[in-house]
Amino acid sequence: MTSLFRPYYIIQESEMAQPLDYNRRSRLKHVDQVFRSEIINIIPLTDMEKLFQLRILDGAERERFSFLPGQFVMVEVPGYGEIPISISSSPSHKGYIELCIRRAGVVTGILHKTRRGAVVGLRGPFGTHFPIERMRGNHILLIAGGLGLAPLRAPILNVIENRTDFHDVHILYGTRQPDMLLFNYQYEEWNRISDINLKVIVEQGDESWTGPVGLITDLLKKIRLEPLETYAIICGPPVMFKFVCAHLQREGIPMDRMFVSLERRMHCGMGKCCRCNIGSTYTCLSGPVFDYWTVMNLKEAI
Amino acid sequence: MLFKVLGKKEFTTFIELLLNDTEVIAPKQVGVDTSGKPLHQYLPVQAFTEIDLSYETTEYSAKTYFLPFRENLSTCSFLDMVWDRQIKYRVQPRAIIGLHACDINALLKLDKVLAGDRFPSPYYISRRKNTFIVGIDHDPCEGGFCQAVGADVVTHGFDLYLTDLEDRYFVAINSERGFNVLQRVKTREPTARDNNDYLDVRRRIAGQFKPLEVHNLPNLMDIEFESKVWKKWADKCLSCGSCAMVCPTCYCYGIEERVSMDNAESAKVKQLYSCQFLDFAMVAGGHNFRPDRETRLKYRYYHQHRGFVEAYEEPLCVGCYRCGRVCLAGINPTDIIGDLQTEYQE
Amino acid sequence: MKYLGIEPKRPKVGVFDFTGCEGCELQLANKEETVPAFLQAIEVVDFREISSTSSDDYEVALIEGAITRDDEIRRLKEIRKHAKLLVALGSCACFGGVNRLKNGYDLDAVNQEVYGTEPKETLPTQAVKEVVSVDLEIPGCPVDKAEVERIVQHLIWDVPYQFPAYPVCFECKQRYTTCVFELGQLCLGPIARGGCHAPCPAGGSGCWGCRGPAADPNLEEFLQIAKDRGFKKREIKERLSFYGGFEDMP
Ligand SMILES: Cc1cc2nc3c(=O)[nH]c(=O)nc-3n(C[C@H](O)[C@H](O)[C@H](O)COP(=O)(O)OP(=O)(O)OC[C@H]3O[C@@H](n4cnc5c(N)ncnc54)[C@H](O)[C@@H]3O)c2cc1C
Ligand code: SF4
Ligand code: SF4
Ligand code: SF4
Ligand code: SF4
Ligand code: SF4
Ligand code: FES
Numbered sequence: 261m262t263s264l265f266r267p268y269y270i271i272q273e274s275e276m277a278q279p280l281d282y283n284r285r286s287r288l289k290h291v292d293q294v295f296r297s298e299i300i301n302i303i304p305l306t307d308m309e310k311l312f313q314l315r316i317l318d319g320a321e322r323e324r325f326s327f328l329p330g331q332f333v334m335v336e337v338p339g340y341g342e343i344p345i346s347i348s349s350s351p352s353h354k355g356y357i358e359l360c361i362r363r364a365g366v367v368t369g370i371l372h373k374t375r376r377g378a379v380v381g382l383r384g385p386f387g388t389h390f391p392i393e394r395m396r397g398n399h400i401l402l403i404a405g406g407l408g409l410a411p412l413r414a415p416i417l418n419v420i421e422n423r424t425d426f427h428d429v430h431i432l433y434g435t436r437q438p439d440m441l442l443f444n445y446q447y448e449e450w451n452r453i454s455d456i457n458l459k460v461i462v463e464q465g466d467e468s469w470t471g472p473v474g475l476i477t478d479l480l481k482k483i484r485l486e487p488l489e490t491y492a493i494i495c496g497p498p499v500m501f502k503f504v505c506a507h508l509q510r511e512g513i514p515m516d517r518m519f520v521s522l523e524r525r526m527h528c529g530m531g532k533c534c535r536c537n538i539g540s541t542y543t544c545l546s547g548p549v550f551d552y553w554t555v556m557n558l559k560e561a562i
Numbered sequence: 004m005l006f007k008v009l010g011k012k013e014f015t016t017f018i019e020l021l022l023n024d025t026e027v028i029a030p031k032q033v034g035v036d037t038s039g040k041p042l043h044q045y046l047p048v049q050a051f052t053e054i055d056l057s058y059e060t061t062e063y064s065a066k067t068y069f070l071p072f073r074e075n076l077s078t079c080s081f082l083d084m085v086w087d088r089q090i091k092y093r094v095q096p097r098a099i100i101g102l103h104a105c106d107i108n109a110l111l112k113l114d115k116v117l118a119g120d121r122f123p124s125p126y127y128i129s130r131r132k133n134t135f136i137v138g139i140d141h142d143p144c145e146g147g148f149c150q151a152v153g154a155d156v157v158t159h160g161f162d163l164y165l166t167d168l169e170d171r172y173f174v175a176i177n178s179e180r181g182f183n184v185l186q187r188v189k190t191r192e193p194t195a196r197d198n199n200d201y202l203d204v205r206r207r208i209a210g211q212f213k214p215l216e217v218h219n220l221p222n223l224m225d226i227e228f229e230s231k232v233w234k235k236w237a238d239k240c241l242s243c244g245s246c247a248m249v250c251p252t253c254y255c256y257g258i259e260e261r262v263s264m265d266n267a268e269s270a271k272v273k274q275l276y277s278c279q280f281l282d283f284a285m286v287a288g289g290h291n292f293r294p295d296r297e298t299r300l301k302y303r304y305y306h307q308h309r310g311f312v313e314a315y316e317e318p319l320c321v322g323c324y325r326c327g328r329v330c331l332a333g334i335n336p337t338d339i340i341g342d343l344q345t346e347y348q349e
Numbered sequence: 030m031k032y033l034g035i036e037p038k039r040p041k042v043g044v045f046d047f048t049g050c051e052g053c054e055l056q057l058a059n060k061e062e063t064v065p066a067f068l069q070a071i072e073v074v075d076f077r078e079i080s081s082t083s084s085d086d087y088e089v090a091l092i093e094g095a096i097t098r099d100d101e102i103r104r105l106k107e108i109r110k111h112a113k114l115l116v117a118l119g120s121c122a123c124f125g126g127v128n129r130l131k132n133g134y135d136l137d138a139v140n141q142e143v144y145g146t147e148p149k150e151t152l153p154t155q156a157v158k159e160v161v162s163v164d165l166e167i168p169g170c171p172v173d174k175a176e177v178e179r180i181v182q183h184l185i186w187d188v189p190y191q192f193p194a195y196p197v198c199f200e201c202k203q204r205y206t207t208c209v210f211e212l213g214q215l216c217l218g219p220i221a222r223g224g225c226h227a228p229c230p231a232g233g234s235g236c237w238g239c240r241g242p243a244a245d246p247n248l249e250e251f252l253q254i255a256k257d258r259g260f261k262k263r264e265i266k267e268r269l270s271f272y273g274g275f276e277d278m279p
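Residue numbers (our numbering), protein chains in the order written: chain E, 261 to 562; chain Z, 4 to 349; chain F, 30 to 279.
There's no promise every hint is true.
[Claimed, not checked] Listed below are the simulated DSS-like cross-link pairs for lysine-lysine, each with C-alpha atoms no more than 30 Å apart in a straight line:
| no. | chain 1 | residue 1 | chain 2 | residue 2 |
| --- | --- | --- | --- | --- |
| 1 | E | K502 | E | K310 |
| 2 | Z | K239 | F | K256 |
| 3 | Z | K235 | F | K262 |
| 4 | E | K559 | Z | K115 |
| 5 | F | K38 | E | K310 |
| 6 | F | K38 | E | K373 |
| 7 | Z | K91 | F | K31 |
| 8 | Z | K234 | F | K262 |
| 9 | F | K256 | Z | K231 |
| 10 | F | K31 | E | K373 |
| 11 | Z | K234 | E | K502 |
| 12 | F | K261 | E | K310 |
| 13 | Z | K91 | F | K256 |
| 14 | Z | K40 | Z | K91 |
| 15 | Z | K239 | F | K261 |
| 16 | F | K262 | Z | K239 |
Hints were generated in silico from the structure; no laboratory data involved.
These numbers come from a predicted model, not from an experiment.
Next comes chain E alone, as it looks inside the complex (with noise of 0.2 Å):
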């Protein structure tokens, strides 16, 4: 008597032999493969963080990766555990991502002690952008706070490789120290380039600080804003963003034309864990770019 039952092979599915490509929000299957990428380069950047510079190793799959400013990857270390970080690179550079990644755990902690060369697992891109296409012809505020660099990196890139799309554009950031200012060598290049606003500010200045000391709201309060032909994008501890928000809100800007970017535990990325839920909304896929008003909205958000 032959079997009842023919065993259904999902590895034989159409679906499954497809290139993996995460950009495609279709029936693909294989979504529990990485793209297995070598680590380049690894810049130290303060103490706590280092800069990571990942190329795929499939040449096909590294033609097909692209991403938009504000999604994030999840970077596995098998044996260690998978994390969300945010890219840092700009969108329009193929090669290689960079990712920025502070010294916090398990995973953060084994990545800190790789060398070049060793390879690692990326799943992705993720989640939602910080919608550049249509800050076009605006005014742009880049503000970040702390670690908050790190996803506002590539949104700045982006604005800076497309500087004639938009009016003034100002970008603010603040940490606590000047010790922990990230990127560092790169505000020179920043401020050199004609008609960019850079400013930077720390709470608490040291022997060789000759920048402003205090918060970032100060530095807002310098800037003359038409309030309605602004974008602003806000990347930092949810302090810092409430404050932030809350005075762009009073100087006039709308609430959704301010993003930000939220940050809760994840595990998949892929809205299947429910880790990431604020009140009942997937981080990882409505997510991690909101606007404000959808923030106020949002049950448990701040």
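Starting from the known structure of chain E, fit chains Z and F with the ligands onto it as the hints suggest.
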């Protein structure tokens, strides 16, 4: 849908056919509780006599045959700078006999999350497609409110569905696979009397449910976000996660990585989790987005009765009442929803 | 072996016995297939035979057993001076363990009962942390070898280890155990720290809390539940104090 009538003797033959061919999971009595009530679980069975289709409910839902409590997602072998990954999906066919409507509806809800268009899960799909499902009608279980959440009847998501007409089964056929297997035993076409008897049973069952107002819940949950009801119940909560473990629809998880002692290989293990645990929403550095029991308990109801409705226009909960039955602290959905409705009315 | 270009550390580990059954140490030698790899990953220096602890030839000190005598206190303080990382291994070291039960009785009487007419010097049982500062506690009676291995792994790669935050019930449910409360028995599962894979409820005896309390346990409600189910105060108290892990709770 096609219908057939299957005699009780032929039904035994049918089950034995399955038992000889494939792994069979069915309700089985595992003991009695302190009040003398029998306790059942869906377990692998070897003989027809082990199966108890008259069961009221099971301690655990059948979801673990699709979403195991622990599942190895991949293994990796290490070679200094690089590694090699192996992934295996479960393909062995399996039959589950005697699922109630709520449990099949629960699978349909899980399908939406795990087998939908957006990032479908190959692990889940492979198990789902390789499982042959035979459902069965039954009188409402104590506490169940499946009718209120629209999960007391089921029209797809199974292969065969039985209704007990005392001396025979009325069988609904919902798949070619089910049709083919049923052809191996003697069946007959339903007569007018069979149809009448079937409809009588359905009517009898439908008439026994207690009403529970749930349709306004998505809205109510927002309005009652700060309600005292949450604190009242959460003070009792042990954060033990048992409610999510037995729930047929809770699907969230955590990942556990294991490295072999000689550092040669690792396993990535998915473990079903629960939003009631302290570290569910905890991030590196120690910040916890839901540090207290109140927000955690509220979140469970939020996910079941609001979040899912927002995404799929139906609640996640199928009203099986397993979470209420298992909770040592007596926390249960009917009382919580009842409290919310009362408070709303006032 | 190197991984991703990282060279693991190979710490020297001193094992020190105090008052306990040595079951935990035995547990470390358990699971034969991984013992060679385990001993490859760390260098074990056994101090059982050596009476002096002045040798500073170790970075990690594994303390097994509870502290019950004066000389033990002196020895432990000496070890603390030398160890970079002091680990309390097993419930006895972490909470005093079963030895602690005697604290509830008159010490002289206990002494007489145990040693007859030749009483030994004995102090109230203390956990290691009551005598010196402890960097890491690995509870369990006995400790779970797999967990110890995982902790060692984190140690050699120098990344933090986190104990499970969930209670025993979680793992108990995950093995399809019928709750022993349903069968009329007492169980500390809802308030006891998980990670042991709940062998005791599965064996039918309920959890005795050998790994101490879970993160943020709801003791108040637990006591209420036990009371409502007809368990006597004495019975509950005995269960809670069995391993000494719930001692600091109100
Ligand atoms: C959308 C998004 C973008 C991010 N971008 C960056 C970035 O550009 N640079 C950077 O340094 N950090 C970023 N983070 C935070 C980063 O993900 C955490 O620091 C990291 O997960 C900590 O992992 P760990 O294993 O080292 O810590 P552990 O404390 O050991 O964490 C264990 C596990 O918990 C989860 N987890 C813990 N903390 C977080 C967290 N904050 N967010 C999400 N999951 C967490 C992870 O799955 C992790 O593997 C981002 C987080 C999110 C959600
Ligand atoms: S509601 Fe009940 S079952 Fe769920 S976590 Fe709380 S105490 Fe446990
Ligand atoms: S929430 Fe409770 S009643 Fe609803 S499906 Fe889950 S276990 Fe059943
Ligand atoms: S209700 Fe809680 S336990 Fe259930 S799936 Fe949602 S997050 Fe997980
Ligand atoms: S037997 Fe104990 S550990 Fe298991 S579910 Fe019941 S109370 Fe929890
Ligand atoms: S079930 Fe309780 S007593 Fe048994 S090993 Fe686990 S924690 Fe210890
Ligand atoms: S990260 Fe898993 S659901 Fe969002």
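| query | Given the hint that Z:K235 pairs with F:K262, does the C-alpha gap stay at or below 30 Å? | reply | Satisfied, since the Cα-Cα distance of roughly 25 Å is no more than 30 Å.
| query | CA of F:K38 to CA of E:K373, is that 30 Å or under? | reply | 12 Å, holds
| query | Between E:K502 and E:K310, is the straight-line Cα distance small enough, at 30 Å or below? | reply | Distance ~27 Å between E:K502 and E:K310 Cα, so the pair holds.
| Pairwise hint evaluation, E:K310 against F:K261, where the allowed Cα distance is 30 Å at most | At roughly 58 Å apart (the allowed maximum being 30 Å), E:K310 and F:K261 break the hint.
| Does Z:K234 pair with E:K502 here, judged by a C-alpha cut-off of 30 Å? | Cα-Cα ~27 Å, so holds.
| request: With a cut-off of 30 Å on the C-alpha distance, tell me whether Z:K40 and Z:K91 pass. | output: At roughly 41 Å apart (the allowed maximum being 30 Å), Z:K91 and Z:K40 break the hint.
| query | Given the proposed pairing of F:K262 with Z:K239, does the C-alpha separation stay at or below 30 Å? | reply | 19 Å, holds
| Holds or violated: Z:K234 to F:K262, with C-alpha atoms at most 30 Å apart | 27 Å, holds
| said: What's the verdict on Z:K239 and F:K261, does the C-alpha distance respect the 30 Å limit or exceed it? | reply: At roughly 20 Å apart (the allowed maximum being 30 Å), F:K261 and Z:K239 satisfy the hint.
| said: Holds or violated: Z:K91 and F:K31, Cα atoms, limit 30 Å. | reply: Within the cut-off at roughly 27 Å; holds.
| request: Mind checking the alpha carbons of E:K559 and Z:K115 for me, to see if they're no more than 30 Å apart? | output: Answer holds: E:K559 to Z:K115 is near 24 Å, not above 30 Å.
| request: Starting from Z:K91, check that the Cα of F:K256 is at most 30 Å away, please. | output: With Cα atoms ~48 Å apart, Z:K91 and F:K256 exceed 30 Å; violated.
Checked against the numbered hints listed earlier, the structure breaks hints 12, 13 and 14; every other hint is satisfied.
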